[in-house]
Amino acid sequence: MNLKYTFTFLLILLISTAYTQQTPAAAQTEQISIVGAKAHIGNGDVIENAFILIKNGKISFIGKAEDAPSIPDVGRTIIANGKDVYPGFIALNSSLGLTEIGAVRATRDVDEIGNFNPSIRSLIAFNTDSKVIPTVRSNGILLAQIVPQGGRMPGQSSVVQLDAWNWEDAAINTDEGIHLHWPRPYQRSGWWAEPGGIKANEKYKTQVDEIKAFFDEAKAYSRVLPSSKNLKFEAMQEVFSGTKNLYIHANYAKSIMSAVLFAKDLGINPILIGTEDCWLITDFLKENEVKVILGAAHDLPNRKEDDIDITYKLPKILHTAGIPFAISRDGYYDQRNLPFQAGHAVGFGLPYEAAIRAITLNAAEILGIENNYGSLEEGKSATLFICEGDVLDMRSSKVTHAFIDGRKIDLDNKQKALYRKFTEKYKQSKK
Amino acid sequence: MKKPILVSLILLLSLINAFAQETFPTNGILDSREGHYVFTNAIIHKADGTVIKNGNLVIKKGKIERIGAKIPIPKNAVEINVEGKHIYPSFVDIYSNYGLPEPKRKEGNNRSGIQQMVSSKEGAYSWNEALKSETKAHELFKSNDKAAKEFRSVGFGSLNVHLIDGISRGSSCIVSLGSGKAHELILKKEGAHHLSFSKGTSTQAYPGSLMGGIALLRQTYLDGLWYDNHGKKEQLNLSLEAWNKLQSLPQIFAVGNKLEVLRAEKIAKEHGKKYIYKSTGDEYQRVDLLKATNASFIIPLNFPKAYDLEDPLDAQLVALEDLKHWEIAAKNAFYLNEADINFTFTTSGLKDKSQYLPSIRKCIKNGLPEDVALKAMTSTPAKLLNVQDQVGELKSGLYANFIITSDELFEEGTKILHNWVQGKPFVFQALSEIDLSGDYDLKINKSSYSLIISGKPGNHEMKIAVNDSTNVKVKHSIKDEILTLSFKPHEENEIIRLSGPSKSLKGKAILGDGSWVNWSAVKKDMSFAVEKVQKKPASEEEVHGPITYPFLPYGWTEKPKINTFIFKNATVWTNEEDGILENTDVIIKDGKISSIGENLSAAGAIEIDATGKHLTSGIIDEHSHIAISRGVNECTQSSTAEVSIAHVVNSEDVNIYRQLSGGVTVAQLLHGSCNPIGGQAALIKLRWGSSPEEMLYKNADGFIKFALGENVKKSRSSRNNRFPDTRMGVEQVYVDHFTRARDYEKRKLAGDKTLRPDLEMETIVDILNAKRFVTCHSYVQSEINMLMHVADDFDFKINTFTHILEGYKVADKMFDHGAGGSSFSDWWAYKYEVIDAIPQNGEIMTEQGVTVAFNSDDAEMARRLNQEAAKAVMYGDIPEEEAWKFVTLNPAKLLHIDDKVGSIKVGKDGDLVLWSEHPMSVYAKAEMTFIDGIKYFDRKEDLKLREEIRKERARLVQKTLAAKASGASTQKVKGKWRKHYHCDDNQDEMR
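Line by line, the protein sequences are chains D and Y. FYI, this note's numbering numbers position 144 of the first sequence as 617, with every residue one higher than the one before it. FYI, this note's numbering numbers position 603 of the second sequence as 656, with every residue one higher than the one before it.
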């Protein structure tokens, strides 16, 4: 115990000031070698006893230690025998930096007024100084997709790295996609206390037609030179040209199918988000080559009679069906549980490396950043972390080092600081 | 006048008021009649089951004078020969609002956040607007011809009517469906006292939950007694005065489902009452429990239509239990009768009252004996309301309320021809109508047609056979014995119309060209003519799917049994000094852990190979909101210590089963965090399939929820008028209530007879005297500190701080006070008061000696509390064995049940979980979960259940589709909301 307190005391001295400023790390100057770890590449492969060389923010070598160039004696060497290295995890469909305290309206910048807001950009509201972000980062989540919410089309998401001075240097892929929330084919009637049950949504067709009209007009807008500019339609053009993703949020089998068919008709390959009921239509998803971002698995089944573990085993179902998917959970502070959600899926049948892939390379591919992120491959950004224990299992996960673009990230956070502060309190009162 | 006359003629007289009110002046010449009739040669069916063939029925002055087989025909009576016809007592419905105004809710009183604290009704009435005991149906009653006609045509003669509004709805009255003045239509001024679990039009906030409604009723019984003994000397309370008078009447209680019967029954037992339940048609789902109440039931007949399931995706909205209910609903009465439960039927809930008789016929097809059905429609309701000397039977002295039917009542196609009410006839069809069915040779002028008449009198169908395969429809009517026909013999022809007496079947016809000609019809051959309707319709001996307990997917078809189990070669987490034992055997027998050791054996035990697996005691969730009916918060006052979750345990929440799959065996169901002094908690074992009462943990200490901070300040509402609005006010709520409770106790101990028994104060006195224990929702250190000081001042302990996210800041103070902490592993940042929450909270509190638990407060997370415990290891460096206690032994200690559960020790309850691997690994799954030595969950069995659910659903879908294909009318698909509660859910659930 005493030893522990001494250690803690030293830590306070060393880190407490550093924490309060959450200072982003400087660009990599010296090369870094990670030696002896088990490397989870992100694409499903594993390299035991790996050697990773990081130079100028990039992975300049990754391979078996025995194939490695002789260990350089310059720079920093991290001996990581018995540890694991993973590509930085990617939090999809998150509101990190847009919401600081959920119940305090002043700290919510996630839901704009209006139904069709494709020109809204989340990136410029992304708060790099959020106290939440470092707590998420400490669990290996190094990149995130920042997604606006609310209405039919809440706006555009961007991909950021989670150690930045401001949103400009956070941005990895700016305004990479537009989000569309497909109407629910079913609606609740009555009100909360007097539920009338869930029935067919009588406005469903009207709502779908409204979307179709919007997309049709937005597409037509590109063909002629408009007399006056329409910012909403302008924002849509890259969706039609295929340089921006179209993310469609849909949960019921019916809405998923109509959403996909709608997009395909317009020549768009959509990415689905949510898809609670996708287990019903795996063949359809496969035929249409749709990519899927699964929503939070830590959720109750929709129907009382559904398999009690349906939300836990969806990843396994998609994996078996050969449908490319990523695992996500919505929200902000809870993003730090993303690895455990993937781990939970492993408990329900998903192969381990597929679970890693679902929060790394698959996510990067969806976001269009796979050339630089999402896996441990030569030439890619050195955005990765080292874990003592199994990062997907809270029983043993301890992230010890993390790097974004080769920059060594501060793994401290507000909560650790408070921990130290109050450990000090009890130490004082013991005297 | 002995000669039988045509009844249709006397009907013209029926408008005359035969027994006019004597106090009313006569405008004209007095026409006083005795209404003296005798019905001869009838088949008389009495409610008691006796049938008099060739019976006579004499009525006079609106009452039955004599009835029997060989009764002389009185000289002054009008004789009506009803040979071949049947007479039954008119029906009685004792749950109706006929003749009463539609209650309306005042609008505009419900701005967000603003609560109406007391009744808005002016006058010396109850503080609570939902207690409308002063309502008197007989003062509000106005007969309504249109509605009365609807009831009469179905066969009703009298109703018990009440104003459907409020928790106490005042008195009903028994009314006749005849025509006339209210003076003679009201048969009995006070029929019953009506109660319910619904506030109706009350705009007052309290009660906002079912448990609040229950508390209000319990308190009102006490208030009634107090008012009678003492209160009336100090004040006038018209509601309580009326309430007290109502107690001598039959008590009819309207409930929302079968479990609410059990909830109301607890109130009845406590206060020596006997309720008659107006229930909802789901009684068959727990007939054993309802039988045990020994109560009578008023059951509806609104059987659901089949769902339209042709769209397979939309079809998924419909819950399995709704499909099952569709299949079994009409069998409800049969099951009640099999269980020897007394019941009557009501039209309440039927959209179309004409479905009353067809629905009862459906019950009979489903096995309900006819005599029981008849009683349930007539004498049973009369007896329930003590008016059997007035209505519900054919007996001299009773009102002449009876129906005349064309055939036996329960046969398909039988028609009600007359309904006599208070000796006055209401005719739907003439008694003398001739059966015209047969094949006729119809001659019109020189043409001859083959006329085929089928069906029964009043329901004839007619057609002209053109040739073997072609028929022409004939429109017809018979009015006042004149038959009228019109038809088009051939496509090219014009329409022929004809009319003439239905007896002689001849007269004049008019052809398309306008010329009048003669017509006549002659029956061809009698032997072909009568198409006898099959006497008894083929019995629909329908099989239906199993009735499961609970009536949900994953319910049991048979109650699980207690067994002796031996776990071989397990890694056993004892939570005791022995720590974790490898390769160890554990035996559970008679519901308890009987031995732990190596190489054990037990005769007759079921052996479970636990090699490579981990055996732990069951997970205990200190803070849960599953399995609660209609409201987790009674949010309407700053103290609601009188309410209790134990009164509203919902044994039919599928989350019970889902949590068993996460290894949870015990859960404390807490009131929400809406008020500083919330409601009492319920501690349950997750005995899936049991009744609410059976789920309660036996002989456990009682707990109550307190709450601090944002929720009790109602920080999320844009406006709040309920004290307190600041943390400063929260302290005062406590000091004030504890002070009042001490004063109350003083008066009580001094034997003050004027003291009004107060359920709220009783509960708070228990808290102060350490007979009930506090678990307090709490976040920031200032308020935690405050509450401990207040408790110290009043000399009691806060047992547990729940959530306690800043516990790490005051852990030493908590330890000194003696409070435990039941926290989240890692929740934070969702509201302002949790911005300093840290996942090392559990560690610091543990270091300071506080007993620490992790809880769920969430129906989903409760399924993986084992993982939450592991987070204490990850963030807090707690040794695994200690972290495991966060979700097992420590909550058991906080709940004072660690002598029975929470560890694996000989003599403790057989509440065990077998894990596929290290229980704190994210990869671990609970493979089996045991409670009291009964296996409630088995992952392999679960797979079989899924298969059974799939098959049962498929079968029901096919049956539904077939019903639709064969012409059954259907309803659109409709699902249910997924509903589970959190701390801060506070919507009004008493509407």
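Be a bit skeptical, because a hint or two may be false.
Simulated pairs of lysine-lysine, DSS-like, Cα-Cα distance not exceeding 25 Å [to be verified]: (1) LYS884/Y to LYS786/D; (2) LYS894/D to LYS884/Y; (3) LYS1004/Y to LYS786/D.
If you are wondering where the hints come from, they were derived from the structure by calculation, not from laboratory data.
Okay, the hints, checked on the actual structure:
1. LYS884/Y to LYS786/D: violated (31 Å)
2. LYS894/D to LYS884/Y: With a Cα-Cα distance of about 22 Å, the restraint between LYS894/D and LYS884/Y holds, given a limit of 25 Å.
3. LYS1004/Y to LYS786/D: holds (22 Å)
Against the hints set out earlier in the document, a violation occurs for number 1 only.
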